[in-house]
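Starting from the known structure of chain P, fit chain Z onto it as the hints suggest.
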Amino acid sequence: MTDSNQRLEVTLDTQLESVDLAENIVVRVAEEAGFGEDDLHKLGMAVREGVINAYNYGNCQDRGKKIMLAVEFEPETMIVHIVDEGCGFELSEVADPLAEENLLRTSGRGIFLMRAFMDDLAVRRGPTGGADLVLSKKLPHHVSGNGKPKSE
Amino acid sequence: MSLRGTCREVDDIAIIDFSGKITLGEGSATLRTTVRDLISKGHRKILLNLGDVDYIDSSGIGELVGAYTTVRSASGELKLVYLTKRVHDLIQITRLFTVFDVQADESSAIKSFRSA
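Order-wise, the sequence lines are chains P and Z. For what it's worth, this note's numbering labels the leading residue of the first sequence as 239, then goes sequentially. For what it's worth, this note's numbering labels the leading residue of the second sequence as 169, then goes sequentially.
Just chain Z, same shape as in the assembly:
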């Protein structure tokens, strides 16, 4: 199953509900184009819901880092929410918890954007 992303907005926060795999090829490209598209439309607060993403490989991790730097370069904020255990473990062993703002649930994530 490749990656699907559905965008919605809460206030000025763009939330993307992803499902599938973020892996080399199509999945990574979907993540990249979705985030770049939101930035080009003026969004600066982006929340990636990875609750239905069950698999990420090194290319997918690279794309997440790329999305983070893209958003930061546009003076925006990117946060992650609802990590599955495997994705959580992957982010942990690659030390990317020191990079990403990972939120436990959507309401906490929305509050953290508002308080920033």
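With the rest of the complex left out, here is chain P:
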């Protein structure tokens, strides 16, 4: 799975069990790619938050809709896509959970945690108009241009 041209794609039902399933799949793939325990935890949690977002807010818990999970590799980066069938959203629309007035809110921290645990988070428009969350994390040991392994 770590070759740059490989891609894993899974279609998940809009149900609670898909959250754990997606987390487990990505953690296994990331483990094969050589991520350490701490990064595995962060990756798993970010994916968990992404699928919770798709389940709750994208697909509004509608079991007739699907969640697409994809993992792909670029030479230096692992990229995870989580695509829902909702209406999409802009990152700029998401309230800051660290703002004083939002600290006591019981929701709204998922996007923040995805950003905190990944190197990059982008939100694109998926094929059905829903959100395509693109989560990226640098591979722990990638090969630099001179052929020597880079450490993290």
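No lab work stands behind these hints, which were simulated from the structure alone. Mixed in with the good hints there might be a few duds.
[Stated by the list, open to error] Here are the simulated DMTMM-like pairs of lysine to aspartate or glutamate, each with C-alpha atoms no more than 20 Å apart in a straight line:
1. P/K280 / Z/D222
2. Z/K209 / Z/D179
3. P/K375 / P/E312
4. P/K280 / P/E269
5. P/K280 / P/E310
6. Z/K279 / Z/D205
7. Z/K253 / P/E275
8. P/K280 / Z/D257
9. Z/K253 / Z/D269
10. Z/K253 / P/D276
11. P/K376 / P/D276
12. Z/K279 / Z/D257
[Stated by the list, open to error] Listed next, with one range per pair, are the computed distances between beta-carbon atoms:
13. Z/R204 / P/P365: 39 to 47 Å
14. Z/T201 / P/N340: 21 to 29 Å
15. P/R245 / Z/T174: 41 to 49 Å
16. Z/R212 / P/C325: 38 to 46 Å
17. Z/S275 / P/E331: 27 to 35 Å
18. P/E270 / Z/S208: 45 to 53 Å
The beta-carbon is built from N, C-alpha and C at its ideal position, and this holds for glycine as well.
Relative to the frame of chain P, chain Z by itself:
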């Protein structure tokens, strides 16, 4: 592993020893019902022992905040003790250390309830 909570009392302080995960679904619901149940029974000093809670997601954080506001609305106090490193880090990056009273150990927590 889902969340399990065992309640005990020291003086008038209700201590809940949680173990497992506080995540979307069952874990979050267990936390919510346990705290609401204690409030409905008249408890106003509640200590959540999270020493065996190794995983909390955003839903779990939301439930902890919900538990805090539930207890405060009933003029009570809710404190946290024995946070694992990961839970500690999560509470820190979400700025919830400014909300929760986090105690290092049970005896300090009990003293802080008594001195309040």
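Taking the hints in turn, this is what the structure says about them:
Our distance criterion of 20 Å between C-alpha atoms is met by P/K280 and Z/D222, whose separation comes to about 13 Å. For the hint linking Z/K209 to Z/D179, the alpha-carbon distance of about 15 Å falls within 20 Å, and the restraint holds. Restraint check: the Cα-Cα separation between P/K375 and P/E312 comes to about 10 Å, which is no more than 20 Å; the hinted pair holds. A distance of roughly 12 Å separates the Cα atoms of P/K280 and P/E269; the hinted pair therefore holds under the 20 Å criterion.
Taking the CA atoms of P/K280 and P/E310, the gap is about 17 Å. The hint holds against a cut of 20 Å. At most 20 Å may separate the alpha-carbon atoms for a hinted pair to count; Z/K279 and Z/D205 exceed this at roughly 24 Å. Our distance criterion of 20 Å between C-alpha atoms is met by Z/K253 and P/E275, whose separation comes to about 14 Å. Note on P/K280 and Z/D257: the hinted pairing holds, with a Cα-Cα distance of about 12 Å set against a maximum of 20 Å.
A hinted pair counts as satisfied when its Cα atoms are at most 20 Å apart, and Z/K253 with Z/D269 qualifies at roughly 16 Å. Proposed proximity of Z/K253 and P/D276 is supported: the alpha carbons are some 11 Å apart, at most 20 Å. About 14 Å separates the Cα atoms of P/K376 and P/D276, which keeps this hinted pair within 20 Å; it holds. About 25 Å separates the Cα atoms of Z/K279 and Z/D257, which puts this hinted pair outside 20 Å; it is violated.
Checked against the given bound of 39 to 47 Å, the beta carbons of Z/R204 and P/P365, roughly 43 Å apart, stay inside it. The given range of 21 to 29 Å is respected by Z/T201 and P/N340, whose C-beta atoms sit roughly 25 Å from each other. Separated by about 46 Å at the C-beta atoms, P/R245 and Z/T174 satisfy the suggested range of 41 to 49 Å. For the pair Z/R212 and P/C325, the beta carbons lie near 44 Å from each other, so the given range of 38 to 46 Å is met.
About 46 Å separates the C-beta atoms of Z/S275 and P/E331, a value inconsistent with the hinted range of 27 to 35 Å. Taken as a hint, the range 45 to 53 Å holds for the pair P/E270 and Z/S208, whose Cβ atoms sit roughly 49 Å apart.
Checked against the numbered hints given earlier, the structure breaks hints 6, 12 and 17 and satisfies all the rest.
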